[in-house]
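Heads up: the protein sequence lines correspond to chains F and Z, in order. Just so we're aligned: the first sequence equals residues 1 to 394 in the numbering used here. Just so we're aligned: the second sequence equals residues 1001 to 1080 in the numbering used here.
In short, the hints are calculated from the structure, not lab data. Nothing here was measured: the structure is a model prediction, and the numbers come from that model. Ideal Cβ positions, reconstructed from N, Cα and C, are used throughout, including at glycine. There may be inaccurate statements among the hints.
Simulated pairs of lysine to aspartate or glutamate, EDC-like, Cα-Cα distance not exceeding 16 Å [claimed, not checked]:
id, chain 1, residue 1, chain 2, residue 2
1, Z, Lys-1016, Z, Glu-1030
2, F, Lys-202, F, Asp-233
3, F, Lys-332, F, Asp-363
4, F, Lys-164, Z, Glu-1047
5, F, Lys-164, Z, Asp-1051
6, F, Lys-390, F, Glu-333
7, F, Lys-390, F, Asp-339
8, F, Lys-164, Z, Glu-1030
9, Z, Lys-1020, Z, Glu-1030
Chain Z is nowhere near these chain F residues, computed Cβ spacing over 12 Å in every case [stated by the list, open to error]:
id, residue
10, Asp-150
11, Phe-154
12, Arg-165
13, Arg-168
14, Ile-271
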Amino acid sequence: MSLFDKFQPIVDIRSDLQALGIMPFGAVTEKILSSTEAIVNGHQVILAGTNNYLGLTFDPECIAAAKQAIEDFGTGTTGSRMANGTFADHIRLEQELASYFERKYAIVFSTGYAATMGMGSTLAGPGDVIVLDADSHASIYDGVRLSGADIIRFRHNDAADLDKRLRRLGDRISNTLIIVEGIYSMMGDQAPLADIAEVKRKYGGMLLVDEAHSLGMLGEHGRGVAEAAGVEDDVDFVVGTFSKSLSAIGGYCVSNHAELEAVRFAIRSYIFTASPSPSVIASTRVALRLMQERPELRERLWENAHRLYDGLQQLGLQVSPQVSPVIAVTIKERNQAIDWWNQLMQRGAYVNLVMPPASPTDDSLLRCSVSAAHSPEQIDRIVEAFAAVKNSSN
Amino acid sequence: MPDYNEFLARIFEILKPVAKQGIILNEESELVTELCLTSLQVMELIEQIEDHFDMSIPLNILPDIRTVHDLALQLEKLSS
């Protein structure tokens, strides 16, 4: 018996992969050529497995702001938001986020993980109830587990199942937090937020929506699935990340509840970590502005999403149920998924390999994501790579 | 409110088609190590019990459950 015994399944998978000469979970990006191309593991590839949805990682304005912030404020804050780590620009970003979401209060976190994990672990506590979508992200599960609240899952995207579970709570609904995501990160499907909001109106409780993968994509202003569904008033807390459409790293929570300003000082993932670096805050502020000034980015993103979705579907592949900037191809057999991932890389397309338990079922996934920065030709080359791999495996 | 034996009977019924052939189900059967249920199958088992008895089972009870007996006992506690 040793501490390491429990890691044996990982050791086994790693040695299987090593025998095949493939290391999908340690792929090294050696050089980034642009926001859509890179050299990964020695192959020049189109990046079709990032979260760079609006393609702003190399935007000249974002880069200039980040450089200037390093010159003016240094490379790091070296401290917690609650101690020496709150700079004027952290406050400015919080104000800009609140104004963008048309909400009164905002908190900026060091990562998206810290934001969802922190809110999930802090809002509800022992004696309270959290009802969450079964396919919620690991950061949500990690948070709610720390909360000490009773954790109840409802079936993925099933508002009728949520209804049943809220009904069963009886009086406990008054201290219940419902947690869902806007767009789910693995399959790219959207939450039926209008239905979920209706159930919440019927019973009560508070609703937190993680719009990590939907910020900048949906709704008239790009605020996400809640805006697109017209139910922002029913959402008590929106959380999200700077590491996807805003092309940096960090997270946020916005709300109209004045109590958020007290909650802030109880969130351990906010207090006991260093605040985001000045350069990160600076580029995020510019990206948030550009996202609003350039609605054409959102249009291009969706054109690309449709182009890739249609292309993969026409190949007869099992694609995820809904057109989205995240498009997952289901490959039942794990080893085949690994083989396809590897061949796609050799043919110039980098996608994400997802195996259980990270995938929502027992199947494996080749998770593709598109960016506004992809050209139609690049999307076609991704589809061609899939076509070639599919033909060679027949 | 259903009692221990009702929960037990229902668990056996749900597990029968899922358990590996040749394994005899009893109260001491271990869900993961013996019956080889994946985490996904454990969640499906939980969902089927929830639907049948019209109850919600918090995830918090899972760390205390190793055997069929443990599960039936926790369910009885929950519904009392």
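Hint check results:
| no. | hint | verdict |
| --- | --- | --- |
| 1 | Z/Lys-1016 - Z/Glu-1030 | holds, 14 Å |
| 2 | F/Lys-202 - F/Asp-233 | holds, 14 Å |
| 3 | F/Lys-332 - F/Asp-363 | holds, 5 Å |
| 4 | F/Lys-164 - Z/Glu-1047 | holds, 12 Å |
| 5 | F/Lys-164 - Z/Asp-1051 | holds, 9 Å |
| 6 | F/Lys-390 - F/Glu-333 | holds, 14 Å |
| 7 | F/Lys-390 - F/Asp-339 | holds, 11 Å |
| 8 | F/Lys-164 - Z/Glu-1030 | violated, 30 Å |
| 9 | Z/Lys-1020 - Z/Glu-1030 | holds, 12 Å |
| 10 | Asp-150 | violated, 4 Å |
| 11 | Phe-154 | violated, 9 Å |
| 12 | Arg-165 | violated, 5 Å |
| 13 | Arg-168 | violated, 5 Å |
| 14 | Ile-271 | holds, 25 Å |
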